[in-house]
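A.B. asks: Listed here are the chains, written in short residue letters.
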Amino acid sequence: AQSVTQLDSHVSVSEGTPVLLRCNYSSSYSPSLFWYVQHPNKGLQLLLKYTSAATLVKGINGFEAEFKKSETSFHLTKPSAHMSDAAEYFCVVSARQAGTALIFGKGTTLSVSS
Amino acid sequence: NAGVMQNPRHLVRRRGQEARLRCSPMKGHSHVYWYRQLPEEGLKFMVYLQKENIIDESGMPKERFSAEFPKEGPSILRIQQVVRGDSAAYFCASSPRSAGETEAFFGQGTRLTVV
Numbered sequence: 313a314q315s316v317t318q319l320d321s322h323v324s325v326s327e328g329t330p331v332l333l334r335c336n337y338s339s340s341y342s343p344s345l346f347w348y349v350q351h352p353n354k355g356l357q358l359l360l361k362y363t364s365a366a367t368l369v370k371g372i373n374g375f376e377a378e379f380k381k382s383e384t385s386f387h388l389t390k391p392s393a394h395m396s397d398a399a400e401y402f403c404v405v406s407a408r409q410a411g412t413a414l415i416f417g418k419g420t421t422l423s424v425s426s
Numbered sequence: 134n135a136g137v138m139q140n141p142r143h144l145v146r147r148r149g150q151e152a153r154l155r156c157s158p159m160k161g162h163s164h165v166y167w168y169r170q171l172p173e174e175g176l177k178f179m180v181y182l183q184k185e186n187i188i189d190e191s192g193m194p195k196e197r198f199s200a201e202f203p204k205e206g207p208s209i210l211r212i213q214q215v216v217r218g219d220s221a222a223y224f225c226a227s228s229p230r231s232a233g234e235t236e237a238f239f240g241q242g243t244r245l246t247v248v
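In order, the protein sequence lines correspond to chains P and F. Sequential numbering from 313 applies to the first sequence in my numbering. Sequential numbering from 134 applies to the second sequence in my numbering.
Okay, chain P solo, but in the shape it has when bound (with noise of 0.2 Å):
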């Protein structure tokens, strides 16, 4: 089975100080990771994937992950936060030995302000 708990339903950061979210998972297989944003109303956009390849991975709008098996954790950072990260992020996993679903995190809410 998988699973993925996001450590902090909300997490509040000022502008231009560094952010982390935090996301542990479970698998029984080698699995893809992924992190995705949703801004309000809006569908979801992939910020970045591991999928067993470099442990460091780097996304889109300067966001990064670190897969860490030995602590089955894979957090987003970004060094420094701006005003339009404000969002809601996903930690999402999949493993194509399990099957075919993404398993969703319930989600963090990002909070910036000036």
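Keeping only pairs whose Cα atoms sit at most 27 Å apart, straight-line, the calculated DSS-like set for lysine-lysine is:
1. P:Lys361 with P:Lys418
2. F:Lys177 with P:Lys418
3. F:Lys177 with F:Lys160
4. F:Lys160 with F:Lys204
5. P:Lys381 with F:Lys177
6. F:Lys195 with F:Lys184
7. F:Lys184 with F:Lys160
8. P:Lys418 with P:Lys380
9. P:Lys418 with P:Lys370
10. P:Lys380 with P:Lys370
11. P:Lys381 with P:Lys370
12. P:Lys380 with F:Lys177
13. P:Lys361 with P:Lys380
14. F:Lys177 with F:Lys195
15. F:Lys160 with P:Lys361
16. P:Lys361 with F:Lys177
17. F:Lys184 with F:Lys204
18. F:Lys177 with P:Lys354
19. P:Lys354 with P:Lys370
20. P:Lys354 with F:Lys160
21. P:Lys418 with F:Lys195
22. P:Lys418 with P:Lys381
23. P:Lys354 with P:Lys418
24. P:Lys381 with P:Lys361
25. P:Lys361 with F:Lys184
26. F:Lys177 with F:Lys204
Don't read these hints as lab results, they were simulated from the structure.
Chain P is fixed; fit chain F onto it per the hints.
C.D. replies: Positioned in the frame of chain P, the structure of chain F alone reads:
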């Protein structure tokens, strides 16, 4: 190459009516997935289809819900005899291969309101 297209973007139905949600995948994508998002929650998997076949419907309610992806035309998610609890955002995603091998691209969703 247009992205995943879902229509309508907003749909209002009275209790007991039928709702039909359409999803046109990206060009070259033969894998389609439907997800439901309730307020304050993540996306819940409903069904995975490949052209003309249902591959996994483990997340689909047993009654009133059905999905198809015909050889020609969009994928359709059909909800019969809608109830208030069906009000949600329904997202479709597509990928060229199984989502376990590559990322899926999402549409903007259909927001269903049952009154």
